[in-house]
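The residues making up each chain are set out below.
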Amino acid sequence: MTAATTKNVASNKTNLSGGWPVAFWFLLPSLIGFTLFFFLPTLRGFYLSFTDWNLLANDGEFTGLENYRTLAEDDKFYDSMLTTLWYVVLNIGSQTILAIMIAVMMDRLTNSTTIRSILLLPWLMPNVVVALLWLWMLDGNFGVVNAFIEWLPLGWLFGDGPFRFFQDAGKVIPAIAAINTWKFTGYTALLIFAGLQTIPKTVYEAAAMDGATELQMFRRITLPLMRPVLALVLVLTIVGSFQVFDIVQVATGGFGGQPGGPVNASRVIYLYIFQNAINFNDLGYAAAISVVLVIILLGVTAVQMRLLRAGESDLA
Amino acid sequence: MSTTSAGMAGAGASGSIGARMGRGAAWGILIAIVALSIFPFYWALRTGLTRNTELFGGGQQLLPENGTSLNFKRVLGLASDAEIREATGRDNSASFNYLLALRNSVIIATIVTAGQVFFSAMAAYAFARLEFKGRDKLFFLYLTGLMIPPIFTLIPNLILIKNFGWLNSFPGMVAPYFLMTPFAVFFLRQFFLGINRSLEEAAIIDGANHFTIFRKVILPIATPQMVTLAVLTYVTSWNEFLWPLVVAPTDESVQPLTVALGAFTQQQPGTSPDWSGLMTGTVLAALPMLLLFMAFGRRLVDSIQFSGIK
Chain E
1 MTAATTKNVA
11 SNKTNLSGGW
21 PVAFWFLLPS
31 LIGFTLFFFL
41 PTLRGFYLSF
51 TDWNLLANDG
61 EFTGLENYRT
71 LAEDDKFYDS
81 MLTTLWYVVL
91 NIGSQTILAI
101 MIAVMMDRLT
111 NSTTIRSILL
121 LPWLMPNVVV
131 ALLWLWMLDG
141 NFGVVNAFIE
151 WLPLGWLFGD
161 GPFRFFQDAG
171 KVIPAIAAIN
181 TWKFTGYTAL
191 LIFAGLQTIP
201 KTVYEAAAMD
211 GATELQMFRR
221 ITLPLMRPVL
231 ALVLVLTIVG
241 SFQVFDIVQV
251 ATGGFGGQPG
261 GPVNASRVIY
271 LYIFQNAINF
281 NDLGYAAAIS
291 VVLVIILLGV
301 TAVQMRLLRA
311 GESDLA
Chain H
317 MSTTSAGMAG
327 AGASGSIGAR
337 MGRGAAWGIL
347 IAIVALSIFP
357 FYWALRTGLT
367 RNTELFGGGQ
377 QLLPENGTSL
387 NFKRVLGLAS
397 DAEIREATGR
407 DNSASFNYLL
417 ALRNSVIIAT
427 IVTAGQVFFS
437 AMAAYAFARL
447 EFKGRDKLFF
457 LYLTGLMIPP
467 IFTLIPNLIL
477 IKNFGWLNSF
487 PGMVAPYFLM
497 TPFAVFFLRQ
507 FFLGINRSLE
517 EAAIIDGANH
527 FTIFRKVILP
537 IATPQMVTLA
547 VLTYVTSWNE
557 FLWPLVVAPT
567 DESVQPLTVA
577 LGAFTQQQPG
587 TSPDWSGLMT
597 GTVLAALPML
607 LLFMAFGRRL
617 VDSIQFSGIK
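These protein sequence lines map, in sequence, to chains E and H. Per this note's numbering, the first sequence starts with residue 1, numbered consecutively. Per this note's numbering, the second sequence starts with residue 317, numbered consecutively.
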C-alpha cells in the first residue's frame, strides 16, 4: 500500500512541482502589486532623487547630484535628524525599559490573557486617536495631567505648572516620545514576554533553591537569555521609531499651531520629507532625503545586529 | 502548567517577608500599568459626556457632573443648529462628519483586507508548495520590500496614482495594498510550509490540480491563520494616516476616519477649542477598534507572541 502510494506520487512529479505554467497564475496578482507599488517605486525613488521633479507640474529634469549637494548644506535637514534622534533615544529608552519590566513581572506573576490583551489595546488604536487622547490629557489649561502634577507635592522637582507641553519647544519632543511609549510599550512587552516564556522554569526553580533573590535571577538568568528576542525587538522598534509622523502631525498641527512646531522643535525627518514633497511640491528633494534615511536605517539595523549578536542565545 | 511551576518557584523564594512584599509591589505596579492603558479612553468618554462650558471651569471629577448626550448627537449629525451653537459657543464651528468617514474607513479597510489576504495567500502557496525556476530569488526580492520605509515608496506611488487619475478616489486609497504586501506573503508562507503534505498528496492522487488543492485543501486548513492576518491587515488599513492624507488631502467624500479626525483637529482655534466635540469624535473613532479588540484580542495576542518567538 505504502509502496504503491509512493510510486503513484512519484509518477505525478511534474504535476506536484507545478513549474512556471502553474506558478504564474498563482503569482500574477502579487507580481503586479509588487512590481507597481514596491519594486518600480523603489527604483523610481532613487531616480527622482537625481531630478527636480515638481508635484504640481508632475514633471522634472535630471539634475545629477544637485539635491544631494543641497542636502549636505541644509541646516534644516541636520536639525530634523537631530530632533528625530533625540526622539528615538527618549522613546526607545523609556519604552524598552518599561517593556522589560512589564514582561518580567508578567512572566513571574501571571499568565492572564486578559492583562496581556489590555496592555495591547493602545497599540491597536489609530495614531490620530492616540494623539488626540493625550493632546487633551496634556493640555496646558484643562488637562488632567497638569491637574495631577499640581496635586502631587512635587513642585520642587518639576517646577511650577501648568506645563504647556505642545507649546514649549523643550517639552514637545519628550511629550511625543511619552505618548508613543504609552502606545507601544504593551506590544513590546508582549514580544519580550514571548521570548521569556521559552526560558525553562526549572532554571528559576534551581536558582531559587540555591537562595537567589528575584533581582539576582533577573541579572544572571533573564537578562542574558533574553538577548535574541531583545535584538529582534530593538531592530523593529528603533526602525519604527525613526519613522514617527502621524502623532507629530496631529498633536502639533491643531489649535492654530503649525505641524512640527513650536518653532520647528518637533520637525522630525518624516515631517521634513512630507513638507518638501507636499507643501513645497519638491518631490526630487524629498526623494533625496528619503534615500539618505533608508541608508541610515539600514546602517542602524546592521550595527544593531552585530552589537547584539542576534540569533545567538546563551540557552543553546 | 507553567503557571503552577512559576507559582511554586515563587513560593520557594518568598520565604522572607521582603520577598512577599516585593511580589505585592510588583502586582501593584502591574495593575497600575493596566489601569494607565485604559484610563485615557475613559477620560475621553467622560469628556465627551460633558459640556464645553463645564470643561472650561477646570473641574477634574472622575464622573461628568451634568452628563449630556449633546456632543454625541452633534458628532453623529443629530443635533439642531441651536444645540450646536449652545455646545460650541460659535455660529459655524468646525465640523466632523463621523458617519461619512466611518463608511469610508469600512469601505477602504474591507477592500484592502479581502484583496490582500486572498492574493497574498495565492502567492504564499506558490512559494511554499510549487517548484519553479528562480523561486527563492523572487521570494527574497519580495522580502527586501520589508526593508524599504513607506515614505520612500510614498512619493513615487503618489505620482503613479496621480497619473492614473486616482487622486481623491477609493481606487487610489486601496491600490498599493490591494494585491499584496511583502509581510502578508511572508506570514502566510510560513504557515503553509508547516501544513502536513499528506492531504495534498492524497488529493493529487485523486487527480486534483493545484487550483483545486489551494481552494479545497489549503484554504480550509489555513483559515485560522488567514483570519489572524485579516485582522492585522484590517487594523493596519484602518489606522493608516499618511497615504490617505496625500491621496485625498481635502476631499471629505473619500477620507477615512483618521484623516477626517485629523482635519477636525486642525480646524480647531487656539483659544477655547471644542474639546468635548473632539473627544466625542475620538471615542467614536476608537470604537470600531475596541469592538474588533473584544472579538479578536486573544488571537492578536497569540499572533504577536508567535512573532516574538520566531
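The hints are simulated quantities; they were obtained by calculation from the structure and are not laboratory data. Beta carbons are placed, not taken as given, at the ideal position from N, Cα and C, and that holds for glycine. Hints may be right or wrong, so weigh each one.
[What the hints assert, rightly or not] For the chain H half of the interface with chain E, some residues (derived, Cβ under 8 Å), not all of them: (1) Ile-400; (2) Phe-435; (3) Phe-456; (4) Phe-508; (5) Ile-511; (6) His-526; (7) Leu-616.
[As the list claims (entries may be wrong)] Subject to a maximum C-alpha distance of 20 Å in a straight line, what follows is the list of computed DMTMM-like cross-link-like pairs (lysine to aspartate or glutamate): (8) H/Lys-478 x E/Asp-59; (9) H/Lys-478 x H/Glu-399; (10) H/Lys-478 x E/Asp-210.
Take the C-alpha atoms of H/Lys-478 and H/Glu-399, compute the straight-line distance between them, and say whether it is at most 20 Å.
The given pair, whose Cα atoms are some 42 Å apart, is violated under the 20 Å limit.
Does H/His-526 pass the interface hint, meaning its C-beta sits closer than 8 Å to a C-beta of chain E?
Since the shortest Cβ distance to chain E is 5 Å, the answer is holds.
Are H/Ile-400 and chain E close enough, Cβ to Cβ, to be under 8 Å, as the hint says?
violated, 20 Å
Tell me if the interface restraint on H/Phe-435 is satisfied: Cβ within less than 8 Å of some Cβ in chain E.
Nearest chain E Cβ about 4 Å off; hint holds.
With chain E as the partner, please determine if H/Phe-508 meets the hint condition of a C-beta pair closer than 8 Å.
violated, 12 Å
Pairwise hint evaluation, E/Asp-59 against H/Lys-478, where the allowed Cα distance is 20 Å at most:
Holds: H/Lys-478 and E/Asp-59 sit about 12 Å apart, inside 20 Å.
Given the hinted pair H/Lys-478 and E/Asp-210, is their alpha-carbon gap at most 20 Å?
Since the Cα atoms of H/Lys-478 and E/Asp-210 sit roughly 68 Å apart, the hinted pair is violated (cutoff 20 Å).
Measuring from the C-beta of H/Phe-456 to each C-beta in chain E, is the shortest one below 8 Å?
Violated, because the Cβ-Cβ distance from H/Phe-456 to chain E comes to roughly 12 Å (cut-off 8 Å).
Hint validation: H/Ile-511 versus chain E, beta carbon distance must be below 8 Å. Holds or violated?
violated, 15 Å
For the restraint on H/Leu-616, tell me whether the closest CB of chain E is nearer than 8 Å.
holds, 6 Å
The structure fails hints 1, 3, 4, 5, 9, 10 (numbered hints given earlier, in ascending order).
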